[in-house]
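Q: Chain residues, written in single-letter form:
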Amino acid sequence: MEEYNFNLPKQTHDIFAVMARGAFISSNGTRDGMNRLYDVINNPENFDRLQAYFNVIRYNIERGNNFFYFSKLHEPNSEIEKKLERFERYIDIIDLFASMDNKIGIGSRFRPSEIAEECNANVRLKQKLQKIPLYRSETLHNKVREICDLMSRDSFLELEDEKTESYKVLDSYTYLLDIINSVAIYEESGSGDDTQGLIYN
Amino acid sequence: MSLQVNVKDLLSNLYHNRGIVELLFGQRDQVTVNELLGRDDITEEQYKKLISLDILFEYENIVSLNDSVVAMFEDFMEIGEVTPGFINDYINELKRHIAFYQEAREMRFLRSIKKYLKRINATLTREIIKLQKNVDDTYKNESNYRIKLQKLEDYREKRDTIIEFIKKTTDIVDETRTLFSITNDSELFGIVTALKASLIENLDFLIEIQTDITDFINKIQFQLDVYKKAQRLKEVKDHGTLHFKTNFREIVQNINTLKHNGHKTPKTKIPIDFLYSDDGHVLCKRISEKYKITRLMVRGLADKMAGNFKDKGLEQQIKLDTEKLVDRFLNQGKQNLFEYLMDYKFPKMIGNVSFEERLSLFVEIAMEYQTQLDFKYRLQYHDYTEGETKKRLGYTLILPMKEKVKKK
Chain A
445 MEEYNFNLPK QTHDIFAVMA RGAFISSNGT RDGMNRLYDV INNPENFDRL
495 QAYFNVIRYN IERGNNFFYF SKLHEPNSEI EKKLERFERY IDIIDLFASM
545 DNKIGIGSRF RPSEIAEECN ANVRLKQKLQ KIPLYRSETL HNKVREICDL
595 MSRDSFLELE DEKTESYKVL DSYTYLLDII NSVAIYEESG SGDDTQGLIY
645 N
Chain B
611 MSLQVNVKDL LSNLYHNRGI VELLFGQRDQ VTVNELLGRD DITEEQYKKL
661 ISLDILFEYE NIVSLNDSVV AMFEDFMEIG EVTPGFINDY INELKRHIAF
711 YQEAREMRFL RSIKKYLKRI NATLTREIIK LQKNVDDTYK NESNYRIKLQ
761 KLEDYREKRD TIIEFIKKTT DIVDETRTLF SITNDSELFG IVTALKASLI
811 ENLDFLIEIQ TDITDFINKI QFQLDVYKKA QRLKEVKDHG TLHFKTNFRE
861 IVQNINTLKH NGHKTPKTKI PIDFLYSDDG HVLCKRISEK YKITRLMVRG
911 LADKMAGNFK DKGLEQQIKL DTEKLVDRFL NQGKQNLFEY LMDYKFPKMI
961 GNVSFEERLS LFVEIAMEYQ TQLDFKYRLQ YHDYTEGETK KRLGYTLILP
1011 MKEKVKKK
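Read top to bottom, the protein sequences are chains A and B.
Every number in the working numbering is 444 more than the matching position in the first sequence, counting from 1.
Every number in the working numbering is 610 more than the matching position in the second sequence, counting from 1.
Calculated directly from the structure, the hints in this document are not laboratory data.
Each hint should be verified, as a subset may be incorrect.
[As the list claims (entries may be wrong)] Cβ-Cβ distance ranges computed for the label pairs, FRET-style: (1) 771/B with 492/A: 41 to 51 Å; (2) 889/B with 586/A: 53 to 63 Å; (3) 857/B with 506/A: 19 to 29 Å; (4) 577/A with 670/B: 25 to 35 Å; (5) 625/B with 604/A: 34 to 44 Å; (6) 524/A with 771/B: 53 to 63 Å; (7) 899/B with 586/A: 26 to 36 Å; (8) 586/A with 857/B: 32 to 42 Å; (9) 604/A with 899/B: 52 to 62 Å.
The model shown is predicted, which means the values in this text are computed figures rather than measured ones.
Built from N, CA and C at the ideal position, the CB exists for glycine as well.
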């Protein structure tokens, strides 16, 4: 009944179910009608109603470039250590993606085996991949798979085709790029050669 | 050299091999000779013929369609590479014919002028549509970012070329305005008006494309910049100075996504009543499987009802409607109850009513409707065979009440 009072779109429950899980809703996601949900939120009328409605239970819809997510109102952000750990890992992953010959960007499609193969052929990439912590997989391929799986769970990637194991990079990936872009490096940390050497080791 | 002398031959050859043409158009530069000959719809002989007719080409074992054929299809379908060069050719032709017409006012030159004006209009629009499609396609589907950037830059150049052509055309139309008005040709006037309108429209469209291209290039550039930064951050991190030389900690602290703040999905407790429902049972079953609890199966789901259970119910209802049966019996005077039941033709819906069933019906009626029946307390005998043995059954003679008989 309340839904009618608020004049909310009928997908409100689905939107809540996705976003309260901590997931992003991206405009180029196709699973579970994600692009449809995006369109619903993106409609300015709906957006205002949804925002007001969710604000009551202290959820806030945050808008990014072609994606949406939830934040909590009036609640101090916690778990700083865990967060740091996670984002350090994202840096590792994005660094790996950035170092690929064929850079993975928003909207790209790729298969884990492609990445694994490239890593196998390139010593620098191989080391990067192996140094990404937390994964115990033996083969490079499995390790890439785990990364893809993790990124999909965090709704930055989408497993587009299970049979061919093909992933698609969603718009929410911009969020990670924005975070990285906003980090300020205070000073040049040593000369370029020095750091290169460190990576090669 | 080409043996194609007329349109009819060319068309019939293309039509006859339309399967091949479609395949080769769809998979340009991918089909090998063996692959093609492996198909059912072409023989070696036909293949040779097509080669000799210049419809097909073979190069390093790859078969391809004649470029003119491909170009024709692409033109019609408004796909393929943007080729603004054509417009320039048309403009030059247009200029030539205008000069001719100025020299000698002959209809044939005027016809050509009209033709080229129309062509320029159509080609401009088509090229712009192709440009739009290609820009979009490149941004979305080109996976190699260097090629992607290069392609987008190329399209930007092509766009500039097209704009130049539009200006050229506008100039020509303006210059020859007086000439055109002298002709007093209403068709020419219509063509020129349409061309002018579409030139303005196309110019707007090109500006939009320009914005798109710039936007796409910026996006790619942003991504590249961020990637460079990510690599630098990674270096800083590998030095172990991520927390000291950057404001990483601060930034991360301000991150407000639910997931990264340890918010779990809101959980609700399951109501106990729900667990007693069928859905709840399925849930319990799943949990017990997960935790390998085997003793939970107290209450199972009922088996699926037979598909025809409704029909069965119907059958029973008809059988139970003995009252009407009794009424009918009472309204006749020829037979006693036993004979009546034995001979009674039950409705087809009930199907075959066996001897035993008729017998039990007899007993049932005798007990329930005794007040309406006339019991004669006299035995009669009924002979029947069961299997191969002959049997005789004695039964009480029961007739409808006397009054009714008397009335009749």
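Q: For every hint, state whether the structure bears it out.
A: Okay, the hints, checked on the actual structure:
Taking 41 to 51 Å as the suggested C-beta distance range, the pair residue 771/B and residue 492/A conforms, at roughly 46 Å. The hint said 53 to 63 Å for the Cβ distance between residue 889/B and residue 586/A, and at roughly 37 Å that hint is violated. For the hinted restraint 19 to 29 Å between residue 857/B and residue 506/A, the CB-CB distance of approximately 21 Å keeps it satisfied. Checking the proposed 25 to 35 Å range against residue 577/A and residue 670/B shows it is violated: the Cβ atoms sit about 49 Å from each other.
Checked against the hint of 34 to 44 Å, the pair residue 625/B and residue 604/A passes, with Cβ atoms roughly 39 Å apart. The beta-carbon spacing between residue 524/A and residue 771/B, approximately 56 Å, falls within the hinted interval of 53 to 63 Å. The hint said 26 to 36 Å for the Cβ distance between residue 899/B and residue 586/A, and at roughly 27 Å that hint holds. Checking the proposed 32 to 42 Å range against residue 586/A and residue 857/B shows it holds: the Cβ atoms sit about 35 Å from each other.
For residue 604/A and residue 899/B, the Cβ-Cβ distance of about 31 Å falls outside the hinted range of 52 to 62 Å, so the restraint is violated.
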